[in-house]
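Given chain Y, work out where chains V and H should sit, using these hints.
Listed here are the chains, written in short residue letters.
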Amino acid sequence: MRDTHRLMGFISRGFKGRRRDTASSSRLPPGQYLVNDFPVLSAGPTPRPNLDQWSFSIEGEIDEPKRWTWKELLALPSDTVTKDIHCVTKWSKFDTTWKGVSLDTLMEGVETAAEYITAFCDGGYTTNLPLEDVMDGKAWVAYEFDGQPLHPEHGGPARLLVPHLYFWKSAKWVRGIKLEKEQQPGFWESNGYHLYGDPWREQRYWGD
Amino acid sequence: MARAALLGRLSWQFGELVELVHETPRVSSLYFNIPMWPGHLAGQHVDVRLTAEDGYQAERSYSIASPPEARWVALTVERLDDGEVSPYLVGELKVGDKVELRGPIGGHFVWRAGDDRPLLLVAGGSGVVPLMAMLRHRATAPHKAPARLLYSSRALADIIYREEIDRLVAANDGLLVSHTLTREKPAGWSGYTRRIDAAMVKEVAWPKAQTPAVFVCGPTPFVETAADLLVGLEYDPLWIKTERFGATGGAGGG
Amino acid sequence: MKMQTSEMKLDGNAIAGLLGEIFAVEMTTAHGTCAACGAVNEVGRVDVYIHAPGTVVRCPSCEQVLMRIVRGRGRYWLDLTGMRCLEFAED
Chain Y
1 MRDTHRLMGF ISRGFKGRRR DTASSSRLPP GQYLVNDFPV LSAGPTPRPN LDQWSFSIEG
61 EIDEPKRWTW KELLALPSDT VTKDIHCVTK WSKFDTTWKG VSLDTLMEGV ETAAEYITAF
121 CDGGYTTNLP LEDVMDGKAW VAYEFDGQPL HPEHGGPARL LVPHLYFWKS AKWVRGIKLE
181 KEQQPGFWES NGYHLYGDPW REQRYWGD
Chain V
209 MARAALLGRL SWQFGELVEL VHETPRVSSL YFNIPMWPGH LAGQHVDVRL TAEDGYQAER
269 SYSIASPPEA RWVALTVERL DDGEVSPYLV GELKVGDKVE LRGPIGGHFV WRAGDDRPLL
329 LVAGGSGVVP LMAMLRHRAT APHKAPARLL YSSRALADII YREEIDRLVA ANDGLLVSHT
389 LTREKPAGWS GYTRRIDAAM VKEVAWPKAQ TPAVFVCGPT PFVETAADLL VGLEYDPLWI
449 KTERFGATGG AGGG
Chain H
463 MKMQTSEMKL DGNAIAGLLG EIFAVEMTTA HGTCAACGAV NEVGRVDVYI HAPGTVVRCP
523 SCEQVLMRIV RGRGRYWLDL TGMRCLEFAE D
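In order, the protein sequence lines correspond to chains Y, V and H. Here the first sequence is numbered in our numbering, starting from 1 and rising by one per residue. Here the second sequence is numbered in our numbering, starting from 209 and rising by one per residue. Here the third sequence is numbered in our numbering, starting from 463 and rising by one per residue.
To be clear, the hints were calculated from the coordinates, so they are not data collected in a lab. C-beta: ideal position from N, C-alpha, C; glycine also. Every clue listed holds true.
Derived pair list, reagent style DMTMM-like, types lysine to aspartate or glutamate, alpha-carbon separation capped at 20 angstroms: (1) Y:Lys-16 <-> V:Asp-290; (2) Y:Lys-71 <-> Y:Glu-144; (3) Y:Lys-16 <-> V:Asp-262.
Estimated spans, in silico, between C-beta atoms of each pair: (4) Y:Pro-77 <-> H:Leu-548: 50 to 60 angstroms; (5) V:Arg-279 <-> H:Glu-549: 30 to 40 angstroms; (6) H:Ala-486 <-> Y:Thr-112: 45 to 55 angstroms; (7) Y:Asp-21 <-> H:Arg-537: 22 to 32 angstroms; (8) Y:Phe-10 <-> V:Arg-279: 17 to 27 angstroms.
For the chain H half of the interface with chain Y, some residues (derived, Cβ under 8 angstroms), not all of them: (9) Lys-471; (10) His-513; (11) Arg-530; (12) Arg-535.
So that you can see chain Y by itself, here it is in the shape it has in the complex (with noise of 0.2 angstroms):
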């Protein structure tokens, strides 16, 4: 399933394609179009963790490195946000609802000489992200969506929500952050995808 867009060329006289509104406002950055569900995109099985045996780390370039168990995790303090997010297959939804904790929080008292952070995720994932994108209230550990416990299809029991980026940075599945001297290019960012992602600068690829 692709999309792509052409200037000229052959037209499917009547086809319309899935509901998109380009036109809608400001909010909405390059290329992208509304919609009103929310597609679920996997590069692999569904991870089902035992909620018994999960944590989230913090690890890396730390003195000691952080640890919760889920219990621990659901225990700290939590926001509720609602948040656009914008993927890079061009989709984006606005005024999504989320609840988790902020990486303020599990970043609290933490020092740490490194300026990029790798999420790794059960199933294999990884993304790279600066370590001052997911500070000052810009990135959450998220475990509910909707008011409801976040779908295993979404990346529950608990996924990353970095926003303000294309959704590939928000890692489902997410087990812990490693605090990184050097950028370590993640999953995507290793095969084509941009290194940093600003969907307001259009950054899709490489050498956008």
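For chains V and H alone, kept in the frame of chain Y given last:
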């Protein structure tokens, strides 16, 4: 012609719709005249690409329903309520319209009439389409391998190609067909009325000593169940070729 | 931790067209050796996830990534490092 069907750089070409046949309430067959068509093998598919006025494009794969011997290239498409391409192909497209397509594609999930192993075909819903191409191709062969089709549908009205399948069986040339319905038990029905299971597969499938060629096609969960059941009968996994249509039908979905 | 099969999973037939764009030969009958577990499978039999920002192909035996394919801005990015060896016929 067979080699040409497997080699060569794939390029987009135009097919013109010459005939439209309603098979079931949700399923239609589309017959295309494709001038540059190089020929194909039973089991292969095409990619169809649609372009909207603003340049937006959507692409899906559809199995070829017609045998290599047929004049037009036929696709049989199920219209999915939340689909993007299928409601256009089955509902909007008219005779005389053109679509862009590319193919034939695929070399793994193909059957040639020269293969004289007993043939077992297992179809879930619209997964019957490439298997029907195989049966139509088989019907033209002078020497026919014995064949069995196990075909799962929701209800009687959903059985695609029902009359044609009955005619192929009536030719009495070594083809046996077993139907199962998963959501209906019509009065007077002599087929199965449940989802495929070990007992059903055991009754229908060739004994493993016959080392059959097996093709399974349909939605992913159906295909995985069927393949597991056949391996459970001690079929060698290498005898079994599968084509998954995903949860939404059509190899590319929707 | 148990991985369950997803309905999103397809097989190598689903990328026959994409591979046909990239390679000069029909690829679903090619045999690939998994670099992680050594299993040899016809490309038509491997696990394929096309509903992603790119296409991910995984070994049906061990689920490790065999191939990643990304398309965008008129380019392909192809990672075959998950396959130690790819064998296919000349014709």
